[in-house]
Amino acid sequence: MAEEKKVYTRTKGILPDTVSGFCPGCMHSTVHKIIGEAAEELGKLDKLVRVEGVGCCGLGQFYVSCDETIAAHGRAGAVATGIKRSSPDSLVYTYQGDGDLAAIGLAETLSAANRGENFTVIFINNGIYGMTGGQMAPTTLLGMKSTTTPLGRKAEEHGYPLHMSEIINQLTAPYYIERVSCDTPQHVIAARNAIKKAFQYQLEGKGYSIIEIVTSCPTNWGLDTLKSLDFLRENMFKEYPLGVFRDGGEKKQ
Amino acid sequence: MAERVFMKGTEAIAEAAVRAGCRFFAGYPITPQNEIPEYMARRMPEVGGTFVQGESEVASVNMLYGAASTGIRAMSSSSSCGISLYSEGVSYCASARIPMVYINVQRGGPGIGAIQPSQQDYNQATKASGNGGFRMIVLAPDSVQECVDMVYEAFDYAERDQNPVLILTDGVMGTMMEPVVLPKMKSDEELAKCREKFLPRAIIGHPLGQQATCRPGSVGGGQEEKNIAAAELYKSWDKDIKVEEFMMDDAEIVFAAYGISARISRAVIRELREQGIKAGMIRPITISPFPYSSFSNLDFNRVKGIIDVEMSIPAQMKWDVEYAVYGRCPIKEVLRSGGQLLTNDQVKNGAMEFIKEVL
Numbered sequence: 001m002a003e004e005k006k007v008y009t010r011t012k013g014i015l016p017d018t019v020s021g022f023c024p025g026c027m028h029s030t031v032h033k034i035i036g037e038a039a040e041e042l043g044k045l046d047k048l049v050r051v052e053g054v055g056c057c058g059l060g061q062f063y064v065s066c067d068e069t070i071a072a073h074g075r076a077g078a079v080a081t082g083i084k085r086s087s088p089d090s091l092v093y094t095y096q097g098d099g100d101l102a103a104i105g106l107a108e109t110l111s112a113a114n115r116g117e118n119f120t121v122i123f124i125n126n127g128i129y130g131m132t133g134g135q136m137a138p139t140t141l142l143g144m145k146s147t148t149t150p151l152g153r154k155a156e157e158h159g160y161p162l163h164m165s166e167i168i169n170q171l172t173a174p175y176y177i178e179r180v181s182c183d184t185p186q187h188v189i190a191a192r193n194a195i196k197k198a199f200q201y202q203l204e205g206k207g208y209s210i211i212e213i214v215t216s217c218p219t220n221w222g223l224d225t226l227k228s229l230d231f232l233r234e235n236m237f238k239e240y241p242l243g244v245f246r247d248g249g250e251k252k253q
Numbered sequence: 001m002a003e004r005v006f007m008k009g010t011e012a013i014a015e016a017a018v019r020a021g022c023r024f025f026a027g028y029p030i031t032p033q034n035e036i037p038e039y040m041a042r043r044m045p046e047v048g049g050t051f052v053q054g055e056s057e058v059a060s061v062n063m064l065y066g067a068a069s070t071g072i073r074a075m076s077s078s079s080s081c082g083i084s085l086y087s088e089g090v091s092y093c094a095s096a097r098i099p100m101v102y103i104n105v106q107r108g109g110p111g112i113g114a115i116q117p118s119q120q121d122y123n124q125a126t127k128a129s130g131n132g133g134f135r136m137i138v139l140a141p142d143s144v145q146e147c148v149d150m151v152y153e154a155f156d157y158a159e160r161d162q163n164p165v166l167i168l169t170d171g172v173m174g175t176m177m178e179p180v181v182l183p184k185m186k187s188d189e190e191l192a193k194c195r196e197k198f199l200p201r202a203i204i205g206h207p208l209g210q211q212a213t214c215r216p217g218s219v220g221g222g223q224e225e226k227n228i229a230a231a232e233l234y235k236s237w238d239k240d241i242k243v244e245e246f247m248m249d250d251a252e253i254v255f256a257a258y259g260i261s262a263r264i265s266r267a268v269i270r271e272l273r274e275q276g277i278k279a280g281m282i283r284p285i286t287i288s289p290f291p292y293s294s295f296s297n298l299d300f301n302r303v304k305g306i307i308d309v310e311m312s313i314p315a316q317m318k319w320d321v322e323y324a325v326y327g328r329c330p331i332k333e334v335l336r337s338g339g340q341l342l343t344n345d346q347v348k349n350g351a352m353e354f355i356k357e358v359l
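Going down the list, the protein sequences come from chains A and B. Counting in the working numbering, the final residue of the first sequence is number 253, and the numbers go up one at a time with none missing. Counting in the working numbering, the final residue of the second sequence is number 359, and the numbers go up one at a time with none missing.
Please keep in mind that the hints were generated in silico from the structure rather than gathered at the bench. Remember, it's a predicted structure, so these values are computed and weren't measured experimentally. Backbone N, C-alpha and C define an ideal beta-carbon position, used for all residues, glycine too. Check the hints yourself; a few may be wrong.
[Said to hold, decoys possible] In silico DSBU-like pairs for lysine-lysine, Cα to Cα no more than 35 Å straight-line:
#, chain 1, residue 1, chain 2, residue 2
1, A, Lys206, B, Lys197
2, A, Lys44, B, Lys186
3, B, Lys242, B, Lys127
4, A, Lys33, B, Lys226
5, A, Lys196, B, Lys197
6, A, Lys44, B, Lys226
7, B, Lys356, B, Lys332
8, B, Lys186, A, Lys206
[What the hints assert, rightly or not] Ranges of calculated distance between the beta carbons of each label pair, as one might list FRET restraints:
#, chain 1, residue 1, chain 2, residue 2, range
9, A, Thr147, B, Ser56, 23 to 33 Å
10, A, Thr225, B, Gly132, 37 to 47 Å
11, B, Arg160, A, Gly21, 35 to 45 Å
[As the list claims (entries may be wrong)] With the C-beta cut set under 8 Å, the calculated list includes, among others, these residues of chain B facing chain A:
#, residue
12, Phe24
13, Thr50
14, Gly89
Bound-form chain A, shown alone:
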C-alpha cells in the first residue's frame, strides 16, 4: 500500500476551528488564507501585523491569526506608516477595499505609496461597497447599478472607474505593483505568489508594494456565485486587466 503523504494543511495564519462567515462566492476568505500561507512560508507569522480597513475587510479580525489593528476608514496607509516606522522588524500589511483605499483614503494611499513606505498593501477591488449594502465605489464600472446609482453609473455624473494600480504606477517610489484575481485555482496560486513576493521585498527593505486583487461581490452585484464569476471575467477584467505593472526585483536582473 502506498504511503500516505500530507499534501495540504490549513495555514496557521488563520485561527483554528473557525468557519468563514463571508457570503457565498466572496473571495475574502481565500485571500485571508493565501496571506496566511505566504507569511507562514516565509516563517514570519510571529512578525506579521495586519492593519484592517473598514467594511467587509474589517471582518477579517475574526479569522486571521496575527497581530491586528483596525484603522479608521481610509487611514490604513497612515496607520501602517506609524507602525512600520516605529517597529521596522514587523511584517506589516494593510487590507483594504475599494471604498476605503480609493475613495475616503485616497490621500493616505497615494501619500504612503509616494513616500515609498516599506509595507505591503492588499487591495480588494470588487467595484462596490459591500458591508454598507452595495453603494457606488470609485471602481464601480460604467453602467453598473448600485444602491446610489440606481440607473447605473454614468460617466457624466459619476466620473469613470478609478484604476489604482495604474495611478500608483505613475509614482517613482513604489517597488512592486501587481493586479491579480482569485477566480480560478491558477489565479489563486498567482495571487499567493504575488503576496509572498511583496512580503519578501518588504523583509528586504525594498519599500512599497501593492497587490490589487480583483474580486466579486455576488451579494451586492445581485448575481449568483457562478454568474458573478462570469461578470468578473467579462467586465471587471476588461476594465482592470491583470498583470504586473512594476517589479523592482525583475528590473534589476
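Model the placement of chain B on the given structure of chain A, informed by the hints.
Below, chain B alone, put in the same frame as chain A:
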C-alpha cells in the same frame, strides 16, 4: 542635569517631549505651531526617533495611532482648525486605549478663524474632542515652564491610563520666549521600562497564541463594557485635579481664568490689591478634570462675585464655573476672541465696572 535656557514656547514643548522620550512625531504645517514639527524634523533623527510630515492632520493623527499602538512614546501638535481634523484619530485612540500626547496651540476660530492666539477650543478640548463621549486629561499651561513640565508628565499620564492626553495652550504661549529649566533626558533603559508593560498588546507581531489586537470598537458586541471601564477611569481622575488658588485667602472678587488669561488676570489682581480691593484667582491647571470644588466650596458670604476671563466669545469655561457656583454669586464675563488679545487695561476696566456693582 537640570538646564536653564531661554526658549520659545513651541520649541520648549518639542524639546520637553524629546526629553520625555517621544520617539515618533507626525504633524502637518499650521500657524502658530510650525516650530514644533520643524524642531522635531531636526531633533528626532538625533535621538533615533521618527519624524513624518503627514499629508494632512487626518493622516498625522492616524500615524500617531499606529506608532503609539507599538508602545513607543508618540506625539503630535496642531492648532484649532487642524485639531478639528484630529477628532477621528483621537476618538480612535481613546476607544482603543492607546496612550499618546497631542498639543493644541490655539488660534482664533471658528472655521479657519485667525492665525493669532485665542482660547476658543475649551469646549472641544474638555467636552468632546471626537465622537463617542470619551474623556481625556487636558492640561492648560500659563508659562513656557509649565508647557515644558506638562509635556514631560503628559506621557506618564497617557501610559498610566492608556488614554490620550491633550495640552491646551495658545499662540501667545507658543510664540513667547521665557527662561525655562529643561528636565533631564530619559535614558533608553527608562524608556524600555515604560514600554515593557505595553508590549503584550503592542501591535508589532507576536508568537502564535499570543497575538495582540488593537480595537477601536467592538464589532459584534462588547462596546458597552469598554465604555463602562473607561467611565471608571474618568471617575478616578479626581486625584489628578490641579488648580492654582492665587491670593484667595480673603478674596471677595474671584477671577476665573486659565492659560494666558490667567497670566493677565494675575497682573490685574496685583494692581487691584494695591488699591485695597481684595481680589484673587482660581486658575484651573487641569481643565479636565475640572476643579469644580474650588468654586463650589467658596465662602459665598465673603465672595461677592466672579469674573470669568477668557479669550473666547462666547465664553466657554464659564459653563463649568456656573455649574459649580450654582447661582450663589453673580458672574461677569471679560472676553476677547478671534485672535484679539486681552489687555491688562481691558481686564482691569471690566473688573472695576463689576466691582462697583457688587461690592
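query: Out of the numbered hints, which ones does the structure contradict?
result: none
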